[in-house]
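Engineer: Order-wise, the sequence lines are chains A and B.
Counting in the working numbering, the first sequence runs from 1 upward without gaps.
Counting in the working numbering, the second sequence runs from 211 upward without gaps.
No lab work stands behind these hints: they were computed from the structure.
Be careful, since some hints might not be right.
[As the list claims (entries may be wrong)] Pulled a few chain A residues facing chain B out of the computed Cβ check, cut under 10 Å: (1) S7; (2) L18; (3) D22; (4) K30; (5) D33; (6) E58; (7) D64; (8) D104; (9) I105; (10) L120; (11) L149; (12) D179; (13) C183; (14) A190; (15) T194.
[Stated by the list, open to error] Derived Cβ-Cβ restraints for the label pairs, each shown as a range: (16) B/R419 to A/E47: 34 to 42 Å; (17) B/D464 to A/S13: 22 to 30 Å; (18) B/L366 to A/Q134: 50 to 58 Å; (19) B/N317 to A/G165: 25 to 33 Å; (20) B/D464 to A/Q134: 37 to 45 Å; (21) B/E538 to A/M29: 43 to 51 Å; (22) A/A164 to B/A383: 55 to 63 Å; (23) A/Q134 to B/E585: 56 to 64 Å; (24) A/A164 to B/V584: 32 to 40 Å; (25) A/E47 to B/E538: 24 to 32 Å; (26) A/S67 to B/D630: 22 to 30 Å.
All C-beta atoms, glycine included, are put in the ideal place defined by N, C-alpha and C.
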Amino acid sequence: MTEELFSAISNLSKGESLSITDELLQNNMKPVDILNIARDAMHTIGERFESGEYFLPELIVSGDILSAVADKLKPFLEGEGDTEKIGKIVFGTVAGDIHDIAKDIVVFMLEVHGFEVIDLGVDVQVKRFVDAVQEHQAKIVGLSGFLTLAIKPMRDTIFALKQAGLIDVKVMIGGGPVDELVCKDTGADAWGPTAMDAVSIARGWIGTTA
Amino acid sequence: MDNKEIAPLTQKELDYQAREKRVFDAIALNTPDRVPLVCQDDYFTLEQAGITAAQAYYEPELAAKAHVEGVSKYNWDMVSLWAKFPGRVGNILGMTAIKWAGHNLANHHNYQFVEKEYMLADEYDEFLQDPSDFTIRKLWPRMATELEPFAQFSPLRAMTHSYTPIEDLPYLAGKPEIRQMLEKIIEAGKEYNKFEDIRWKATQAFIDRGFPVMNALEAGAHAPFDWICNYFRGMKGTMLDIYYQPDKLKAAIDLVTDPIIENAIQLATELNEKVVGIPLHRGADPFMSNEKFEEFYWPSFKKLLLRLIDAGIIPAPYFSGKFENRLEFFQELPPGKIWGHWDVIDLKKTREMVGEIICFSGNVPGSTLISGTVEQTRDYVKLLIDTFGDTGGLMIDGASAIPKESKFENVMAMTETVFDYGVY
Numbered sequence: 001m002t003e004e005l006f007s008a009i010s011n012l013s014k015g016e017s018l019s020i021t022d023e024l025l026q027n028n029m030k031p032v033d034i035l036n037i038a039r040d041a042m043h044t045i046g047e048r049f050e051s052g053e054y055f056l057p058e059l060i061v062s063g064d065i066l067s068a069v070a071d072k073l074k075p076f077l078e079g080e081g082d083t084e085k086i087g088k089i090v091f092g093t094v095a096g097d098i099h100d101i102a103k104d105i106v107v108f109m110l111e112v113h114g115f116e117v118i119d120l121g122v123d124v125q126v127k128r129f130v131d132a133v134q135e136h137q138a139k140i141v142g143l144s145g146f147l148t149l150a151i152k153p154m155r156d157t158i159f160a161l162k163q164a165g166l167i168d169v170k171v172m173i174g175g176g177p178v179d180e181l182v183c184k185d186t187g188a189d190a191w192g193p194t195a196m197d198a199v200s201i202a203r204g205w206i207g208t209t210a
Numbered sequence: 211m212d213n214k215e216i217a218p219l220t221q222k223e224l225d226y227q228a229r230e231k232r233v234f235d236a237i238a239l240n241t242p243d244r245v246p247l248v249c250q251d252d253y254f255t256l257e258q259a260g261i262t263a264a265q266a267y268y269e270p271e272l273a274a275k276a277h278v279e280g281v282s283k284y285n286w287d288m289v290s291l292w293a294k295f296p297g298r299v300g301n302i303l304g305m306t307a308i309k310w311a312g313h314n315l316a317n318h319h320n321y322q323f324v325e326k327e328y329m330l331a332d333e334y335d336e337f338l339q340d341p342s343d344f345t346i347r348k349l350w351p352r353m354a355t356e357l358e359p360f361a362q363f364s365p366l367r368a369m370t371h372s373y374t375p376i377e378d379l380p381y382l383a384g385k386p387e388i389r390q391m392l393e394k395i396i397e398a399g400k401e402y403n404k405f406e407d408i409r410w411k412a413t414q415a416f417i418d419r420g421f422p423v424m425n426a427l428e429a430g431a432h433a434p435f436d437w438i439c440n441y442f443r444g445m446k447g448t449m450l451d452i453y454y455q456p457d458k459l460k461a462a463i464d465l466v467t468d469p470i471i472e473n474a475i476q477l478a479t480e481l482n483e484k485v486v487g488i489p490l491h492r493g494a495d496p497f498m499s500n501e502k503f504e505e506f507y508w509p510s511f512k513k514l515l516l517r518l519i520d521a522g523i524i525p526a527p528y529f530s531g532k533f534e535n536r537l538e539f540f541q542e543l544p545p546g547k548i549w550g551h552w553d554v555i556d557l558k559k560t561r562e563m564v565g566e567i568i569c570f571s572g573n574v575p576g577s578t579l580i581s582g583t584v585e586q587t588r589d590y591v592k593l594l595i596d597t598f599g600d601t602g603g604l605m606i607d608g609a610s611a612i613p614k615e616s617k618f619e620n621v622m623a624m625t626e627t628v629f630d631y632g633v634y
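So that you can see chain B by itself, here it is in the shape it has in the complex:
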């Protein structure tokens, strides 16, 4: 018999199991031994170590070391990796759809998506008729300068005859600009592998120290409405489409829904993740009435949630902004299956309406962590425990991750309060 099989678990392995159980008990609304701390830390620990966003994007090894060392000190139950942006990959591909530190933002600023109409108002038919072709020949060239030569490809449906491999493809690959593009993609792949390798090693380092990692949140999905709104039509374009071409907008949302779901399930399976993060953007209250939410946003989002649950995966929607008007919709969801990360929300109302359906996580205000006092931070965490503790389904985190500008003593106060006050 292999010695390893009979060896007792190490303390770190036991810690890992206990932490993971605490988290999954809370998600299932089974009261754990203590309220779990599940803290998304994109930049805070790096900031504490004097590492800028630009360094995180371009010197991931440096970031990995500082992040793992720093985060391990807090004794959180589930940890995250630092913010993911592979700077060199962005440079190699001439990425224009994102701005980032070390390239076209100041060194200490987080990367940000450049929202615009990547698909124009009159291009729906083209996309709906042949989405893959549209993606490759129109969308990619609009997102990165080095991918512009894709626009020179013939329509993909015209490249379906038997001579394509020896004629069309070599013809294209013979063009200097297309060769250069292909070389750039290969170079980007090599850089990406290096970047991912470092992140994978950081994950492993956390596991070795007994900390489960919410890489899960990166094996992510998007609400189909957000997908079209963020990546295709932009906020303004989509809002006009709601009135001017609602059927086409709905058709595009329908078209991307199943691929989003299948992709999320496949990624989670490959990475052996139990959770899929879903950052939500445009479903928040100010973005539309409940009537429009029900018509345009909810059906495909609900389908995503239910299909993930059916596949044995825990959906972890991050309700960015205020989703108070939508609570009545969330009452349709099955209890104990969803990890909800809340940004700004009325606590009492949320407790009443979905407290026994969705595990409540997050919500410690960034303003408190940044500008508040230790006492204010403690009081807020206590308020969360007092409001949601009785459901068993409560986990503590910042409202929108742990902001990098947070005061160290406030992050410590948040953590300690859970250990002092959050034991069931």
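Same shape as in the complex, but just chain A:
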């Protein structure tokens, strides 16, 4: 039955995922164990995305299924579902840019790989990034942008973090206009063209290959 839940989620069948979850609960399986199966399935979905088997629709559908399964489990969990995170990342689309697609993919992949992501949303002003890094004591910041206008606020945000004395915070950038030239120009520590690059970069910074 646990195998079936894993395969229902990873093969994106919402109806089956929910009915199997019900059955497992009726069979007195611990909700936290069910949640862990769901997380394993999400990991597989992430791998299929990396390998080019899955694309954006599949990520979105899997997110929808996971949240439906989690909703069923919530009343029974009482805080048990929290797992230990490997690192904390403040993430957002920079000021003036309201595009969220690329950001959401990267956030999804980071979460699937065990990071705690503080997602500040889109059109995030410089000060909000600085405040969030200080509040959450994050050591990694991810800046996303779809438009070329995002380059300047990326540069401004990185500058503001340094000005605020947050010199040990690493910043990665990504999105439509970003490449090596933009990385140098903005003073970012790293950049990447894919969501998986964000995971690799962040893993490198926290010193894990897990």
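Assemble the complex: chain A is given as a structure, and chain B must be docked to it using the hints.
Structural biologist: Same frame as chain A, now just chain B:
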């Protein structure tokens, strides 16, 4: 005989003809005398003149003057007008589906569409059953606050009896909120006319100086999938529909396909345009597998392209993002009929797969124009010429227009390289 008929063409008129021929030769994959420069400039020239996006939206006369003066200096073969957003019209109608500088974005930021589910997941049947009614009574009120009173209208099919003109309509027009809405629409129309008049005069000013204008790209169309995804269901909603209600999604795409095509042909005919721009959004590689592309995106998009070509119009799709996985589909298209504007793409692969089918335009990276050096810009333009020059079907432009943050010397380097290195 009218003197004008026998007068020889002026130098400007000859320049215009030569530039236009250069562009259309390239599109037809007939090698022109030189690689054409067809540069979409939304904000760059304005930025150079110290004019903000907010000013462009609210002081179009100022923008028109600076834009025409600025762009004329580059000697490009086809030019664009500056980014089109009529700020006052947006204010009058209480537009909420777009954010723009001078209203709810900072003065120097481009306007941006606010994507969300304007049609909800359970509203497909309503839309499919009566799309016009749904548009007027549901969609418009969700896009602009001043259009909310449309929601008070009776179902349009209930307003089909002979007494409607003397009963239903006056009854509605008697309501203060509906009168106010109608007045706002009239006011918006007046403002829009002023805005368009200025843009039309700018077009004329370019023509008088010998520059063809790609207004064409505004007499635009959309891939039917994008239409539903952008304007109805939003990206997330559409992606869920691919799995949860694929037949309804396909029915909605089918429903809008013919009207999109007919509207594009009608607009192009009215404006006497030879080209129809098609900005593409959700067909790019990350958005779906080739299998889903073939099922949901390609059939209606291909139909749009072929019908425009049949009508004697050149479709100019702007492949926003990376469309590398889709090149195999584009091999089904007829050669020499399409102006493809590419954003990010593997050049060699594109040359091999569609270089002798689709005229290759664009692709000079925004990052190079913004953060690169003159040398890097020159090298990139040379690379494009070396890769595609032999097809004759190459035109140079920024990957995503000329970014406003571009360095002036890089834009000049892009231009000069074409004159130095792009002569056939």
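Engineer: Hint compliance check: list the failing hint numbers for this structure, sorted ascending.
Structural biologist: Per hint list: 1, 2, 3, 4, 5, 10, 14, 16, 20, 23, 26 violated.
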